[in-house]
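**Q** Residues per chain are reported as follows:
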Amino acid sequence: MDSLSQASLEALKLLFSGDRELWEIIGISFSVSLRAILIAIPFSILIAFLLAYFRFPGRRLLISIFHTLLSIPAVVVGLTVYLLLSRSGPMGDLKLLFTQTAMIIGQIILALPILVSMCHASFQAADKRAWETALTLGASPSQALLTIMHEIRFGLLAAIISAFGRIIAEVGCSMMVGGNILHYTRNIPTAIALETSKGEFAQGIALGMTLLFLSLLLNLGMSSVAGKGEMH
Amino acid sequence: MPNGKLFSFETVQKSFSQQLLLDVDQLVLSAGQSIILSGDNGAGKTTLMKIIAGLEKPDQARIQYADKQHSWSSLRPTLIEKIVYLHQQPYLFNCSVEKNIEYGLRQSGMAVAERRKKVEEGLRWAGLSHLAQRNARVLSIGEKQRVALTRARVLNPRILLLDEPMASMDAAAREQTCGLLQELKTSGVSIILCSHELDDVLTLGDLHLRLQAGKLNEMPLS
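Chains as they are written, first to last, in my numbering: chain R, 1 to 232; chain X, 1 to 222.
Bear in mind the hints are in silico, worked out from the structure with no lab data behind them.
Examples of chain X residues lying across from chain R (beta carbon under 8 Å, computed):
#1 53
#2 55
#3 80
#4 84
#5 85
#6 93
#7 94
#8 103
#9 155
Positions of the beta carbon are idealized from the N, C-alpha and C atoms, including for glycine.
Based on the sequences and whatever the hints tell you, model everything.
**A** Set out below in structure tokens:
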């Protein structure tokens with residue numbers, strides 16, 4: 001118990017003393033995950049919208065695939081991306097393995113099923129009259145899509161927060177395709193795993209605290225946005 | 001009174017689950033004309049109105065417009081531009097009454113000052129000025145219908161399609177809505193109105209059509 005509280009105190013000291021290495025790891029984590037989520041969002045929303053509003057062959061199969069991929073382990077995604085990017089793999093010439101780009105690719109693959117499934121559920125739950133109303137009032141299909149997105153913004157935001165929560169905390173994929181290289185691909189989860197294996201708990205706890213604080217911030221942000229949407 | 005053909009829909013067909021729901025030979029929409037469309041539940045009134053509004057694709061339809069014959073798909077942008085369809089329970093966006101009324105004007109790219117002027121004029125027309133900042137979703141049924149009518153009116157549509165506009169309204173709201181529809185009709189807007197409660201709406205009509213077994217039959221107005 002004593003060692004835990006001592007490690008926690010040390011962790012707080014590391015955080016507030018502005019430890020360069022620690023903050024660099026936090027920076028890499030956010031930079032990689034934010035880029036991954038920003039790339040994944042537009043594709044996911046478009047796919048979710050098409051799945052919800054249009055009927056085409058294979059639609060049900062696609063929905064089932066995205067639902068199945070919701071529970072795919074991060075290490076499986078890591079392994080797949082590793083095999084694709086490794087020197088002997090089909091994309092080996094791109095020399096992306098053990099780079100931030102490889103981590104971003106892995107995190108996009110992890111985020112897509114969550115984003116598509118949750119956004120699809122929101123689009124499905126949206127009142128179909130909204131789409132027709134927007135069109136009959138002269139909106140173009142893209143303007144109508146933006147209108148629907150505004151109507152279901154809380155559902156979409158919840159999807160984004162959930163997906164971001166998953167990718168910033170995943171360790172398996174980042175470890176495999178990023179390689180946990182200090183100053184380059186070492187992010188919060190891979191650093192926690194490494195420090196714990198070395199018995200150095202202070203940095204791990206500090207990084208864990210950062211993740212918890214992030215989770216709290218995201219939830220507060222979500223509640224605040226939802227509050228603004230309440231009707232008066 | 002009608003004063004010129006706008007659209008003529010011919011051989012309109014629509015099936016659901018391989019069952020022919022609509023088989024309309026001809027429906028002529030003239031400027032300033034009011035058509036009361038009646039029919040049993042499930043007769044296809046809403047489907048017909050959505051086809052006319054460009055919102056639902058028919059299996060087959062030919063449309064005469066501006067002395068030319070068009071397919072539904074090629075004329076769809078014109079139908080959307082000139083016709084506004086109001087659902088039985090109008091969908092109001094989750095924002096203020098003012099923003100709802102402004103919606104179509106904003107999509108058209110109209111300048112802010114002009115938009116404001118039109119919205120204010122519309123709010124006054126429907127007696128909604130005092131509700132301008134209220135969230136449209138919390139209004140009564142009658143008020144919601146007035147917001148939807150105003151939102152359509154500010155776009156200056158040639159034709160307004162109303163699906164059971166008086167459903168679930170109390171007598172006062174009904175009277176108010178009828179008054180606004182009468183004003184729209186007087187200003188030259190063509191109206192197609194489908195309703196079960198014919199007593200309320202027959203006075204608004206120039207023509208009464210009944211949809212039966214997919215066909216349109218002319219009925220007396222009284």
